[in-house]
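Chains as they are written, first to last, in my numbering: chain V, 1 to 341; chain W, 1001 to 1341; chain L, 2001 to 2341; chain D, 3001 to 3341.
Keep in mind that the hints were calculated from the coordinates and are not lab data.
Since this is a predicted model, take the numbers as computed values, not measurements.
Keep in mind that a hint or two might mislead.
Said to hold, decoys possible - Below, computed lysine to aspartate or glutamate pairings styled on DMTMM-like, alpha-carbon distance capped at 25 Å:
hint : chain 1 : residue 1 : chain 2 : residue 2
1    : V       : K163      : V       : D72
2    : D       : K3119     : V       : E214
3    : L       : K2114     : W       : E1060
4    : W       : K1114     : L       : E2275
5    : V       : K114      : D       : D3248
6    : L       : K2049     : D       : E3265
7    : W       : K1139     : W       : D1168
8    : L       : K2184     : W       : E1275
9    : W       : K1049     : V       : E265
10   : D       : K3114     : V       : D248
11   : V       : K119      : D       : E3297
12   : W       : K1139     : W       : E1008
13   : D       : K3139     : D       : D3107
14   : V       : K163      : V       : E60
15   : D       : K3140     : D       : D3248
16   : D       : K3140     : D       : E3297
17   : V       : K49       : W       : E1275
18   : W       : K1049     : V       : D107
19   : D       : K3329     : D       : D3264
20   : V       : K218      : V       : E253
21   : V       : K114      : V       : D68
22   : D       : K3218     : D       : E3137
23   : V       : K329      : W       : E1335
24   : V       : K218      : V       : E275
25   : D       : K3049     : L       : E2335
26   : V       : K163      : V       : D107
27   : L       : K2114     : L       : D2136
28   : W       : K1184     : L       : E2275
29   : W       : K1114     : W       : D1136
30   : V       : K329      : W       : E1033
31   : V       : K256      : W       : D1168
32   : V       : K119      : V       : E214
33   : D       : K3256     : L       : E2060
Number of protein chains: 4
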Amino acid sequence: MYVRNMLEVAIIGASGYTGGELLRFLHTHGEVEVVAATSRQYADTPVRKVHPHLQDMSLEFTNQSPEDLNVDLVFTATPHGASMSIVPGLVERGIKVVDLSGDYRFDDIHLYEKWYGLKHENPLEAVYGLPEMYRDEIKKANLVANPGCYPTGSILAGIPLVKAGLVDTLIADSKSGVSGAGIKPTSVTHYPNISDNIVPYAVTTHRHLPEIQEKLQKYGDVRVSFTPHLVPAIRGIITTLHSFPNQDITSDEIQKMYHEQYRDEPFVRVLDAGEIPRLSAVRGSNFCHIGCFEIDENGRLVVVSAIDNLVKGASGAAVANMNLMCGFKENMSLESCGLHP
Amino acid sequence: MYVRNMLEVAIIGASGYTGGELLRFLHTHGEVEVVAATSRQYADTPVRKVHPHLQDMSLEFTNQSPEDLNVDLVFTATPHGASMSIVPGLVERGIKVVDLSGDYRFDDIHLYEKWYGLKHENPLEAVYGLPEMYRDEIKKANLVANPGCYPTGSILAGIPLVKAGLVDTLIADSKSGVSGAGIKPTSVTHYPNISDNIVPYAVTTHRHLPEIQEKLQKYGDVRVSFTPHLVPAIRGIITTLHSFPNQDITSDEIQKMYHEQYRDEPFVRVLDAGEIPRLSAVRGSNFCHIGCFEIDENGRLVVVSAIDNLVKGASGAAVANMNLMCGFKENMSLESCGLHP
Amino acid sequence: MYVRNMLEVAIIGASGYTGGELLRFLHTHGEVEVVAATSRQYADTPVRKVHPHLQDMSLEFTNQSPEDLNVDLVFTATPHGASMSIVPGLVERGIKVVDLSGDYRFDDIHLYEKWYGLKHENPLEAVYGLPEMYRDEIKKANLVANPGCYPTGSILAGIPLVKAGLVDTLIADSKSGVSGAGIKPTSVTHYPNISDNIVPYAVTTHRHLPEIQEKLQKYGDVRVSFTPHLVPAIRGIITTLHSFPNQDITSDEIQKMYHEQYRDEPFVRVLDAGEIPRLSAVRGSNFCHIGCFEIDENGRLVVVSAIDNLVKGASGAAVANMNLMCGFKENMSLESCGLHP
Amino acid sequence: MYVRNMLEVAIIGASGYTGGELLRFLHTHGEVEVVAATSRQYADTPVRKVHPHLQDMSLEFTNQSPEDLNVDLVFTATPHGASMSIVPGLVERGIKVVDLSGDYRFDDIHLYEKWYGLKHENPLEAVYGLPEMYRDEIKKANLVANPGCYPTGSILAGIPLVKAGLVDTLIADSKSGVSGAGIKPTSVTHYPNISDNIVPYAVTTHRHLPEIQEKLQKYGDVRVSFTPHLVPAIRGIITTLHSFPNQDITSDEIQKMYHEQYRDEPFVRVLDAGEIPRLSAVRGSNFCHIGCFEIDENGRLVVVSAIDNLVKGASGAAVANMNLMCGFKENMSLESCGLHP
């Protein structure tokens, strides 16, 4: 008799959008079994009543506490502040963790405490889960801090410039679909308020700003300014990165630099100079497209990146991290291209 | 040495939306190789320049004529009128064909000629490619006429009622996303004209009406009235089917009837009575969700179905038909659930 | 010295969408002064903080109780159930009232109690505020019950058919923009849930159904079936009215019937047969466009109407009613055409 | 007998969106009669067939040549390149002209020729039609060059900063609704391509860039970088203006500077520091809202402006210019506030 040894995983906080996306990818993964999906609000409700696309999943949400989860790996899709009280117990018990909150993303705990307005009770060693930065470290990690959605698109667009010492200031003007605001209805996400509108918000104060800056500073000295906008789209982030390179360089040379940086990356595609990334090309997929590379008469360079905030910006990245941590192929269950149109 | 025997297929007219979707499914199919994707307009252009989600496809469009295609199976994603001049030659040469146009959908050639305003030069024996009606016939067919998008959603919603002799008139009030109008920009599909609007069109004269009626009449005598609306959505068709059952029956009894009809179907999901299908639950997938089953004080019954017009309503169905015709598992490459939200 | 005698009005419940629209029309009316706009939630907040388009209004919301309002006319933009406890006191004190809730719309109090699930404590004589039905009565009324949004579009589309005895059953399949659901965020109105979606709801049980039926029955015996859909649009209702005329009649004859019925109406425009009303053509305006009048082979007739749910379907109608009650020109402050595109 | 002396005006190129908006404002102006609206494509067609909101206008499009127009004022809503061959003849005949193209916007003809790629055959003295810059000159002008849509939002947001010498570089990251692309369907404006997408375009090469820079340089030395994005909205432009003030200054001080600059302007509203302009607040209106004024830790300042591209960005501004040129009150027919939601 042949017994397939499946990796057993649990999702804490599985009723939100990132929970739904984790389930979508894990459901068809082949090497993984989701043995628990917790949700206080929906305990004992079939998953498909909350995630209507998962009609064929027989799982029900449970109200288990983290201590009752005996699995190989846990995804904590919990709010910042909540993760830090759950994660250490899991790690202590030898369970691998991919944390989707902001709690373990910072090297500098003071940055976290300042921008999140919280005392961090349980600092732990964690690897920042951007494979394009830390693939080898992720493979050996027990705790991976899954990157924020805006940082993913901004960091990938910024690395080659900072690494080459070409820029000392970056302005990231990002435009995000509304699913980035989560599943909970608010005045901002109320259809009549965001449809036919574009809403700059947290214009100078978004928590993803220090995350972008801390990570890009691994590659060189750089100051980052960041302004996010909510736009009438369900999914996706377009980041328009403005900068002034400090030396003469052409669009094509910059395109080559990017191509070089990402040529072997499974999830990054660098477009030809002048081509603009489109949200539909990455919709529902784990890909990041980077393009444009145009320079104007003032010497301003524009780089544009596109990701799906719920996939490459959250749950797809988390599954890739799981794949790396557990010895699976990095893109397992993540091969799908975008849903265009 | 092991040589995998791949099915070789070609797509004629591959630069439109249905072409893009065919390529998306075939690219990761595993048993199929796309050896030609033709497009007069884009000959010699890489596929990824037209279908930006297919970045990893190295294929280029070609301008080959049908006679030059030496493959096992051809998808003709050509306009009605054009298919009938291409298909017979392919069939004669022993090539299996899935035709996505309207040219071979009708049993009654006069219906075709009346509603399409064309003389049919080349009638051929074809099987109507709705597996829920003709699975066994499709398996043996050389030519399959892929159903229209509206008919797919309306017929699946109507079969159990007509079969049970419960109704003699059906009113299908359908709402379709704009991709159903194709890739060619028109005044109707111009963003400022369809955003924030709902557009009834071809109110009594849509070509899908006789198709719905001819197929449903296989199950009993029924008159169908049909009005489509374009709505500001990219993909998906919601069909609201109004009828007056001719005998006392409850919502639950009707739900059971539907459940019975479709219990073994790989791509149809019948929701609980009172639950309403959602487009996001089927977005990008080959599933059809059917639900509602409510009855009002006048005895009017409402059944609602949801499909993705480009997938279950076109290219996904075509791939399922190929799977059946070629001995693959029916849902091969079509297992994905919808992209929600 | 010349003193302009302005009509003093108050709005109870002025912070919602209908409140905002009332203020928009009254602000530039010329004969009216808004002396109070109440809102418990926003008391002492400037109106412009809640209604950002009203930047030039210096008014602040107040928390006055109805008894403290000493004005000529009050708009009660209060929820059903709340109006009935406020309106009688106002009427008793000789204040004219336009009530935007459902509390006074029904002749048959039992219908109200059945469909709204409430005991009606304070039945009063009220005139149903559809000028196209009751213009003369409205002029003399002290209490006008402003019609529901769906009823306005459905009744205007149905009157000529019922009056001519042409139909005994009407199926109104209506599609409404999201502002019809009000200003309060819910799961249904959360952008990712309604964008790219079409949501049938209250499929057989919407409270506007008995309102439509009671009013149309003034013109003849008719049974109405009604199903509303929420669609991804901010404003507007398209109603697709399906019926089977009981005698031979042409599209043009029907168009003429409608033209005859509404030729002198300031706010109804009957389009040529075959022309389809568009939401943008009435957006922001008090007009109702009616058109289509096509008949299919089964003898089914389709009539389509378009209104702005917040204007002709609510606040514009309320201002027209005020105009009639107070001796102003019916279309005062309501002359604007739609905002297209 | 009393004869009202109406200003007679004509619109050349009246079938586009700006033509429709001109007609909307002129129709109810009170002092103006539109005696001709030309359109080669729609000659002899009633205006209301093309502009469905103008149901009550009896006007038909004509195919008159400019020489046959004997009126007091002409709006040339013609493409750049076409205006320069029409305008001089009109001006010579003593007809006042408001030109909506780019042909007469530049002081420096070389800039025009470089960015528009055209030889300018007929340079004429024209006043740049931004009343906030040139009100007095407009009053005396015979030819007014109506500003571009992006320039209007960017210049108004930039003037106080440049005038105060606070900045030497401005980055304008603008987001425009699709009506800005005009009435002609293209691949970019095809609903499935722009819905759920955000499209940076003409990233460093948009013709409005030199216009913004030339006008702002009237106030001081400044370099402008500009990137427009098309976003899924019908109307409106949000401009996010990034800059690094060269001295210490607070948000409130900047807000006061703006308030001071625009306190007497009929169409500019400066919001409190921290408040973000919304498209719905200006939708359909001639207002420009300016707000935000936040400064981040890197010293980057963000100013945000909102306009309706078809009104303050085109036809509303043109009507205001006509009002000034002809001695009417500047905001005549333009008093309406925005359509929110």
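Checked hints:
no.: 1; hint: V:K163 with V:D72; in the structure: 37 Å, violated
no.: 2; hint: D:K3119 with V:E214; in the structure: 51 Å, violated
no.: 3; hint: L:K2114 with W:E1060; in the structure: 65 Å, violated
no.: 4; hint: W:K1114 with L:E2275; in the structure: 24 Å, holds
no.: 5; hint: V:K114 with D:D3248; in the structure: 23 Å, holds
no.: 6; hint: L:K2049 with D:E3265; in the structure: 21 Å, holds
no.: 7; hint: W:K1139 with W:D1168; in the structure: 32 Å, violated
no.: 8; hint: L:K2184 with W:E1275; in the structure: 23 Å, holds
no.: 9; hint: W:K1049 with V:E265; in the structure: 21 Å, holds
no.: 10; hint: D:K3114 with V:D248; in the structure: 23 Å, holds
no.: 11; hint: V:K119 with D:E3297; in the structure: 22 Å, holds
no.: 12; hint: W:K1139 with W:E1008; in the structure: 18 Å, holds
no.: 13; hint: D:K3139 with D:D3107; in the structure: 19 Å, holds
no.: 14; hint: V:K163 with V:E60; in the structure: 47 Å, violated
no.: 15; hint: D:K3140 with D:D3248; in the structure: 41 Å, violated
no.: 16; hint: D:K3140 with D:E3297; in the structure: 47 Å, violated
no.: 17; hint: V:K49 with W:E1275; in the structure: 10 Å, holds
no.: 18; hint: W:K1049 with V:D107; in the structure: 41 Å, violated
no.: 19; hint: D:K3329 with D:D3264; in the structure: 14 Å, holds
no.: 20; hint: V:K218 with V:E253; in the structure: 23 Å, holds
no.: 21; hint: V:K114 with V:D68; in the structure: 33 Å, violated
no.: 22; hint: D:K3218 with D:E3137; in the structure: 15 Å, holds
no.: 23; hint: V:K329 with W:E1335; in the structure: 20 Å, holds
no.: 24; hint: V:K218 with V:E275; in the structure: 28 Å, violated
no.: 25; hint: D:K3049 with L:E2335; in the structure: 20 Å, holds
no.: 26; hint: V:K163 with V:D107; in the structure: 19 Å, holds
no.: 27; hint: L:K2114 with L:D2136; in the structure: 30 Å, violated
no.: 28; hint: W:K1184 with L:E2275; in the structure: 23 Å, holds
no.: 29; hint: W:K1114 with W:D1136; in the structure: 30 Å, violated
no.: 30; hint: V:K329 with W:E1033; in the structure: 23 Å, holds
no.: 31; hint: V:K256 with W:D1168; in the structure: 66 Å, violated
no.: 32; hint: V:K119 with V:E214; in the structure: 19 Å, holds
no.: 33; hint: D:K3256 with L:E2060; in the structure: 23 Å, holds
When the structure is compared with the earlier hints, violations turn up for hints 1, 2, 3, 7, 14, 15, 16, 18, 21, 24, 27, 29 and 31 and for no others.
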